[in-house]
Amino acid sequence: MFPILEKSLLREDFLLLKIRAPHLLSAKPGQLVILQPHELSERIPVCILDLWEEGFWCLLQVVGRTTLQIKEEVESFYYVGGPIGKPFPIKNYGKVVFYTTGWGVAPAFNVGRALKKEGCSLQLFYTGPGEPPMYHKLREVFEVIETQETPPPVDADLWVSAGSNELSRYLVSLGKGVPHIALVNTYMLDAVGLCLVCRVTVKGSTQLACVDGPWFPAEEVDWENLLERETLYRQEEELALEEYLKELRRRKNKPAEV
Amino acid sequence: MKKIRYTDRNPEPLLPPHQRSKTFREYALGFSVSLALDEAQRCLFCRDAHQRCIKACPIGVDIPGFIRKITEGDLIGAYRVITLSNPFPSVCGRVCPQEKQCEGACILYYDTVKGRRNKGLPVSIGALEKFVGDFVRISGVEVSEERANPTGKRVAVVGAGPAGLACAYQLAKLGHHVDVYEALPTAGGVMAYGIPAARLPREVLSWEMGKLEKLGVRFFFGYVIGRTLSLRELLSSYHAVFLGVGAGRGSLGIKGDHLKGVYSAIEVLMRVGLMGAHMFPQVPTPVKLGRKTVVVGGGFTAVDCAITALRLGVETHVVYRRTRETSSARDEEWDHIQEEGAVIHWLTQPVEILGDEEGKVIGIKCVKMTLGEPDETGRPRPVPVPDSEHVIECDSVILAIGQKANPVAYEDMKELALTQWGTVKVDDQFRTNIPGLFAGGDVVNGGDTVVRALAHGRKAALSIHQYLMEEVTP
Ligand SMILES: Cc1cc2nc3c(=O)[nH]c(=O)nc-3n(C[C@H](O)[C@H](O)[C@H](O)COP(=O)(O)OP(=O)(O)OC[C@H]3O[C@@H](n4cnc5c(N)ncnc54)[C@H](O)[C@@H]3O)c2cc1C
Ligand SMILES: Cc1cc2nc3c(=O)[nH]c(=O)nc-3n(C[C@H](O)[C@H](O)[C@H](O)COP(=O)(O)OP(=O)(O)OC[C@H]3O[C@@H](n4cnc5c(N)ncnc54)[C@H](O)[C@@H]3O)c2cc1C
Ligand code: SF4
Ligand code: SF4
Ligand code: FES
Ligand SMILES: [Mg+2]
Numbered sequence: 001m002f003p004i005l006e007k008s009l010l011r012e013d014f015l016l017l018k019i020r021a022p023h024l025l026s027a028k029p030g031q032l033v034i035l036q037p038h039e040l041s042e043r044i045p046v047c048i049l050d051l052w053e054e055g056f057w058c059l060l061q062v063v064g065r066t067t068l069q070i071k072e073e074v075e076s077f078y079y080v081g082g083p084i085g086k087p088f089p090i091k092n093y094g095k096v097v098f099y100t101t102g103w104g105v106a107p108a109f110n111v112g113r114a115l116k117k118e119g120c121s122l123q124l125f126y127t128g129p130g131e132p133p134m135y136h137k138l139r140e141v142f143e144v145i146e147t148q149e150t151p152p153p154v155d156a157d158l159w160v161s162a163g164s165n166e167l168s169r170y171l172v173s174l175g176k177g178v179p180h181i182a183l184v185n186t187y188m189l190d191a192v193g194l195c196l197v198c199r200v201t202v203k204g205s206t207q208l209a210c211v212d213g214p215w216f217p218a219e220e221v222d223w224e225n226l227l228e229r230e231t232l233y234r235q236e237e238e239l240a241l242e243e244y245l246k247e248l249r250r251r252k253n254k255p256a257e258v
Numbered sequence: 001m002k003k004i005r006y007t008d009r010n011p012e013p014l015l016p017p018h019q020r021s022k023t024f025r026e027y028a029l030g031f032s033v034s035l036a037l038d039e040a041q042r043c044l045f046c047r048d049a050h051q052r053c054i055k056a057c058p059i060g061v062d063i064p065g066f067i068r069k070i071t072e073g074d075l076i077g078a079y080r081v082i083t084l085s086n087p088f089p090s091v092c093g094r095v096c097p098q099e100k101q102c103e104g105a106c107i108l109y110y111d112t113v114k115g116r117r118n119k120g121l122p123v124s125i126g127a128l129e130k131f132v133g134d135f136v137r138i139s140g141v142e143v144s145e146e147r148a149n150p151t152g153k154r155v156a157v158v159g160a161g162p163a164g165l166a167c168a169y170q171l172a173k174l175g176h177h178v179d180v181y182e183a184l185p186t187a188g189g190v191m192a193y194g195i196p197a198a199r200l201p202r203e204v205l206s207w208e209m210g211k212l213e214k215l216g217v218r219f220f221f222g223y224v225i226g227r228t229l230s231l232r233e234l235l236s237s238y239h240a241v242f243l244g245v246g247a248g249r250g251s252l253g254i255k256g257d258h259l260k261g262v263y264s265a266i267e268v269l270m271r272v273g274l275m276g277a278h279m280f281p282q283v284p285t286p287v288k289l290g291r292k293t294v295v296v297g298g299g300f301t302a303v304d305c306a307i308t309a310l311r312l313g314v315e316t317h318v319v320y321r322r323t324r325e326t327s328s329a330r331d332e333e334w335d336h337i338q339e340e341g342a343v344i345h346w347l348t349q350p351v352e353i354l355g356d357e358e359g360k361v362i363g364i365k366c367v368k369m370t371l372g373e374p375d376e377t378g379r380p381r382p383v384p385v386p387d388s389e390h391v392i393e394c395d396s397v398i399l400a401i402g403q404k405a406n407p408v409a410y411e412d413m414k415e416l417a418l419t420q421w422g423t424v425k426v427d428d429q430f431r432t433n434i435p436g437l438f439a440g441g442d443v444v445n446g447g448d449t450v451v452r453a454l455a456h457g458r459k460a461a462l463s464i465h466q467y468l469m470e471e472v473t474p
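Top line first, the protein sequences correspond to chains A and B. Under full-length UniProt numbering, the residue at position 229 of the first sequence is numbered 229, and the numbers go up by one with no gaps. Under full-length UniProt numbering, the residue at position 453 of the second sequence is numbered 453, and the numbers go up by one with no gaps.
So that you can see chain A by itself, here it is in the shape it has in the complex:
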C-alpha cells in the first residue's frame, strides 16, 4: 500500500496529494504515474508534480468517479506504477511559453522548473476554469502568469501545452510555426505498451502515449482523431459517477456505527 501522507483541497475541485512511493524517485520531469485506489479501481494516469525524500506529489483535478473517490475516502493506494512515459526533453530553448488548463499546471510546473534551471525564460497562460491552482508555487518558476479564456499566440522559441487536447489543437490550428511540444490526453490501461488503448497517430504512424509519449511534436499529432476518441466512454463515465454518488448518499444516510 502507498499511503497518502497529505491531502489538501486547493479549491473545490483540486487536490494536492503527497504520496509515499520510494520507487518513483527516479522520475524525471514530464513523467507520470498510474494510480489505483483499490484492486478493482480504474487505473488513472497522473503527472508527477514534484518529488520528496520518499515519494512524490501530484495535483489531482476532481472530474469523475475515481478522482472524486480519491477526494472523498482514499487514504492509501493499492497500486502506484511508474514512472511512466518518456521524460520531457529538457534543454535551453530560450523563450518558452506554456499553455495549460486544469491539471495541466502540474506538468507545467515540473517541466518548467527543469527548463528554468537550463536558462529558459518562462511564461504561462492558463485558460480557466478560474485562476490557476497552486498560483504561488507556479510563481517560483514562471515570470509571467496570465489567465485568459482564449490563449494568445505569443512569439517564442517553444510552446508547450498540457491539460487538454482541444487547447493543443487550437494552438496548432493558428499555424504560427512556433515549435510546439504537447502532452496528449488518451485513455490508459496497462501503461506498459500492451493494450494499445493510448495509441496516437503521430506523423502518420501509430505511437503509444504511455511508452513513446506523452510528449509529442504538436504539429505531427492527429488531434481530430484524439478528440473523437476522447469521448468514447463518456456515457459510461457518467453512469459510473452516478453509481458512486448513490453509494455516497447511502453511506451518509446510514446511522453511524456505535
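Wrong hints could be hidden among the right ones.
Distance condition first, Cα-Cα at most 25 Å in a straight line; then the derived DSS-like pairs of lysine-lysine [claimed, not checked]:
id, chain 1, residue 1, chain 2, residue 2
1, A, 137, A, 71
2, A, 203, B, 255
3, B, 414, A, 28
4, B, 255, B, 214
5, A, 7, A, 137
6, A, 91, B, 414
7, A, 91, A, 28
8, B, 260, A, 203
9, A, 86, B, 414
10, B, 260, A, 246
11, B, 292, B, 22
12, B, 288, B, 22
13, B, 404, A, 203
14, B, 288, A, 86
15, B, 360, A, 203
16, A, 18, A, 95
Listed next, the stretches of chain A that the computed footprint assigns to chain B, with coverage defined by at least 3 CB atoms under 8 Å from CB atoms of chain B [unchecked claim]:
id, region
17, 29-43
18, 49-57
19, 71-84
20, 234-241
Simulated restraints on C-beta separations [as the list claims (entries may be wrong)]:
id, chain 1, residue 1, chain 2, residue 2, range
21, A, 238, B, 356, 34 to 40 Å
22, B, 144, A, 51, 41 to 47 Å
23, A, 205, B, 210, 40 to 46 Å
Hints listed in this document are in silico derivations from the structure and should not be mistaken for laboratory results. Every residue, glycine too, gets a C-beta built ideally from N, C-alpha and C.
Based on the hints, put chain B with the ligands in the right spot on chain A.
Chain B with the ligands in isolation, oriented as in the chain A frame:
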C-alpha cells in the same frame, strides 16, 4: 495382459453451453475422483514414453510416472512427480494445447515412433494433471517444498509471467534470493490479464503464486523496468538478472483502426480479466462492444476474445483468413465457442473497418480466401477469391492479430543483441550477450505457449544457477 482401452476416453464434464455463456465461472468442471481413476487406468505406462508423450511435453513432465501414482491412489505423490518439472500443474492442465503436445503424442492416438495414426483417443493427460493440481489445492494438504540452504546469491527477475515465475520458483528452491519486478499490480502475466477466468479461474492462479511467496520470493509491483530502474542498475545490484517481459501484445495496422469501437484484443481482455469490467458499473472500468462484435484472428487470443464477448451478451463473429486446421487455437475451444453461439467465418480476410460520420465503427469489409501454395512455414497460403468482397455489419472490432516486441525494459541497453524481429537473442543456455543477463519466454520466441515459457524459465534458472555457482565470486 490388460485390454487396451482405445476409445473410451473420459471427457471432462462441461457446463452446458447455454449456462456457460452467461458466466465467467470456469466451464470445464474437472474430473471427479472416480473419473480420474478410471481415465488413469487407460494409460499403458509406455516404457518408451520418453519418445512419446513426455517428449511432446515442452517441460518434460513424467506423464506415465504421475499417472501411475494416481492409479495407486497417491495423489500427493502424483503432484510431486509433476512438480519435479512443472511448477504449476493446475495451470497447465487447463491452458496447454494438449492435442498438439502431450496428448497429440499419446500412443493410443498417434504412434510417434512409427510415425502413424493409431486407432484410439489419447489419455486425457491435461485433465488428469488439472485434477492432481486441484486436488492438492482443495485438500489443503501442505506439500512441503524443499529448499536448498541459502547461497547468498541474489537474482532479479523482470516480469511475473510464466517464464519469470518458473525461473523464480526454481532459483528459490536452489537457495538463491529472488526479487521479482512486475509492472502490473498482479503476478501471472498473460495468465492474469489475458486468459479469461472462464478458462483459468483467478483463485487457481493465486494459489499457484502463493507457492512462490512461501519459498521466500519477493514481489515488487508497479516497477516498470526501463523506467523505474534500468536493467543496467539491476545488473549492478544483483548477481544475475532474468528478463521475462513477454512480447508486445498485438498490432493494428488495418485501414480504419483509428475508429471508435476498434480495440486490441488485450484491451478487451484486460478490461474484463484484470479490471472486472463485466461488473460495470459496480466497478468503474467499462467495456463497450455494442450489440455485435467482430473478432479478427485465429489464435488463442481470438478465441479468448470470443469467450469474453459471448459472456458479455454480445453477438460474436470471428473472422480468420485461414482454416480451423491451420489455426493455432485448440480444436475444442473452437467447438466450445461455436456451441455458445459464436459465428466463425473461416477463410475470410478483413480489408477495412468502416465507420460513420462520427467516427464510430459500423462494419468490417472482408474478402473470401482460398488455400493456395504452401508458404515459408509450410502452411498453405490463403489467396483472395475474386469478387468476394462483403461487409459484416458490427458495432465493434477486436483485433487479435500479430505480436510485436515490447522493448520498454531493454530499449536503452543498446549493446543487447536482438533478432531481426526485435526479440532478445539467447544461446541454448538462455544467456544473452550481456554477462549475467538471461532471458526466456515470449521475449525470446515472440509468442508461444504458457508451458514453453515455464520451460524456458526453469531451464534458464538452472543455467543461472550454474553461472552463480561457477562464475560469480561471493
Ligand atoms: C498523460 C496524462 C496525464 C494526466 N495527468 C493528470 C494530472 O496530473 N492530474 C489530474 O488530475 N489528471 C491528470 N490526467 C487526467 C486523469 O487521468 C483523468 O482526469 C482521470 O482518469 C479521470 O478519472 P475519473 O474517473 O475521475 O473521471 P472520468 O469521469 O472517468 O473521466 C473524465 C475524463 O478523464 C479521462 N479519463 C478517464 N479515464 C481515464 C484513464 N483510465 N486514463 C486516461 N484518461 C482517462 C477521459 O477524458 C474522461 O472523459 C492525466 C491524463 C493523461 C492522459
Ligand atoms: C490472450 C492470450 C491467450 C493465450 N492463451 C494461451 C493458452 O491458452 N495456452 C497457452 O499455452 N498459451 C497461451 N497464450 C500464450 C502464452 O500466454 C504466452 O506464450 C506466455 O504467457 C508467455 O509468457 P512470458 O512469461 O514470456 O510473458 P507474459 O506472460 O507476457 O509475462 C510478461 C510479464 O512481464 C511484465 N512486463 C512487461 N514489461 C515489463 C517491464 N518493462 N517491467 C516490468 N514488468 C514488465 C508484463 O506485465 C507481464 O506480467 C496466450 C496468449 C495471449 C496473449
Ligand atoms: S505440462 Fe502441458 S503439455 Fe506437459 S503434460 Fe502437462 S498438459 Fe501436457
Ligand atoms: S504415450 Fe499415452 S499411454 Fe503411453 S505413457 Fe504416455 S500417456 Fe500413457
Ligand atoms: S496504456 Fe496500454 S499501451 Fe499504453
Ligand atoms: Mg473514470
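Verification of the hints:
Distance check on the hinted pair: residue 137 of chain A and residue 71 of chain A sit about 21 Å apart at the alpha-carbon level, within 25 Å; holds. Between residue 203 of chain A and residue 255 of chain B the alpha-carbon distance is near 16 Å, which keeps this suggested pair within the 25 Å criterion. Note on residue 414 of chain B and residue 28 of chain A: the hinted pairing holds, with a Cα-Cα distance of about 21 Å set against a maximum of 25 Å. For a cut-off of 25 Å, the pair hint linking residue 255 of chain B to residue 214 of chain B is broken: about 49 Å separates their Cα positions.
A distance of roughly 16 Å separates the Cα atoms of residue 7 of chain A and residue 137 of chain A; the hinted pair therefore holds under the 25 Å criterion. A hinted pair counts as satisfied when its Cα atoms are at most 25 Å apart, and residue 91 of chain A with residue 414 of chain B qualifies at roughly 23 Å. This hinted pair checks out: residue 91 of chain A and residue 28 of chain A have alpha carbons roughly 13 Å apart, not beyond 25 Å. Our distance criterion of 25 Å between C-alpha atoms is met by residue 260 of chain B and residue 203 of chain A, whose separation comes to about 20 Å.
Pair hint residue 86 of chain A plus residue 414 of chain B holds up; C-alpha atoms about 17 Å apart against a cutoff of 25 Å. Proposed proximity of residue 260 of chain B and residue 246 of chain A is contradicted: the alpha carbons are some 30 Å apart, above 25 Å. A hinted pair counts as satisfied when its Cα atoms are at most 25 Å apart, and residue 292 of chain B with residue 22 of chain B qualifies at roughly 16 Å. Between residue 288 of chain B and residue 22 of chain B the CA atoms are separated by roughly 17 Å; this keeps the pair inside 25 Å, and the hint holds.
For the proposed pair residue 404 of chain B and residue 203 of chain A, the alpha carbon gap of about 20 Å is at most 25 Å, so the pair holds. As the CA atoms of residue 288 of chain B and residue 86 of chain A are separated by approximately 30 Å, the hinted pair breaks the 25 Å bound. With a C-alpha separation of about 22 Å, the suggested pair residue 360 of chain B and residue 203 of chain A falls inside the 25 Å cut-off, and the hint holds. A threshold of 25 Å between alpha carbons decides the hint, and for residue 18 of chain A with residue 95 of chain A the separation of about 31 Å lies outside it, so the pair is violated.
With 8 residues having a Cβ less than 8 Å from any Cβ of chain B, the region 29-43 of chain A passes the three-residue criterion, so the hint holds. Counting residues of the region 49-57 of chain A whose beta-carbon sits less than 8 Å from any beta-carbon of chain B gives 0, not enough to reach three: the coverage restraint is violated. Coverage of the region 71-84 of chain A by chain B holds. Counting CB-CB distances below 8 Å, 7 residues qualify, and the rule asks for three or more. Figure legend: the region 234-241 of chain A, annotated as covered by chain B; annotation consistent (4 residues with Cβ-Cβ distances under 8 Å, at least 3 required).
In this structure, residue 238 of chain A and residue 356 of chain B break the distance hint of 34 to 40 Å, their C-beta atoms being roughly 22 Å apart. Evaluation of the 41 to 47 Å hint for residue 144 of chain B and residue 51 of chain A yields a pass: the beta carbon distance comes to about 45 Å. A beta carbon spacing of about 43 Å between residue 205 of chain A and residue 210 of chain B agrees with the range 40 to 46 Å that was offered as a hint.
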